[in-house]
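Each residue of the sequence shown is one higher than the last, beginning at 1 in the UniProt record's numbering.
Just so you know, the hints here were simulated from the structure itself, not pulled from any lab data. Predicted, not measured: the structure shown is a model, and the values here were computed from it. Zero decoy hints are in this set.
Restricting the straight-line Cα-Cα distance to at most 16 Å, the calculated cross-link-like pairs of lysine to aspartate or glutamate (EDC-like) are:
| # | residue 1 | residue 2 |
| --- | --- | --- |
| 1 | LYS43 | GLU28 |
| 2 | LYS43 | ASP72 |
| 3 | LYS45 | GLU28 |
| 4 | LYS79 | GLU95 |
| 5 | LYS79 | GLU89 |
| 6 | LYS45 | GLU21 |
| 7 | LYS45 | ASP72 |
| 8 | LYS91 | GLU81 |
| 9 | LYS79 | GLU21 |
| 10 | LYS91 | GLU113 |
Cβ-Cβ distance ranges computed for the label pairs, FRET-style:
| # | residue 1 | residue 2 | range |
| --- | --- | --- | --- |
| 11 | GLY101 | CYS29 | 27 to 33 Å |
| 12 | MET1 | LEU107 | 27 to 33 Å |
| 13 | CYS74 | ASN54 | 38 to 44 Å |
| 14 | LYS91 | GLY24 | 15 to 21 Å |
| 15 | ASN2 | GLU113 | 20 to 26 Å |
| 16 | SER52 | ASP121 | 42 to 48 Å |
| 17 | ASP15 | ASP75 | 24 to 30 Å |
| 18 | GLU113 | ASP75 | 19 to 25 Å |
| 19 | CYS29 | GLY64 | 23 to 29 Å |
| 20 | LEU93 | ASN54 | 37 to 43 Å |
C-beta: ideal position from N, C-alpha, C; glycine also.
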Amino acid sequence: MNLSAARVFVSDIEDAKAFYENIGLALECYNPDAQVCIFNTGKTKLILESVSENEPEFEQSLLGRFTGLSFDTCDITEKYERLRSSGVEFKGLPEQQNWGGWLATFLDPSGNELQLVQYTD
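Work out the full structure, taking the sequences as your base and the hints as a guide.
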């Protein structure tokens, strides 16, 4: 069994589309009527789905959360500097973890938390 897709809920699909393209993801499908974007991230697709202000409180609570999604890089310092200089908001500097790798947490325009990860060799 393989993970085929992960969904992230956003408040503005246009802002989110621009953000995820800016961080280097390849847009595969965009449907403005359905308020959905699909990005090709390799074996797993990233699906962005808009949650409007008129949605119930439960659906609103899906915005601005820790997603658990990590984007791997072989040079976290370079990727951190490049994204930060392009306007991506980070919660702090890259930090080495007790398992040996490095993590840096950043936010999308809806406040969703994502991470850069650099694994050890």
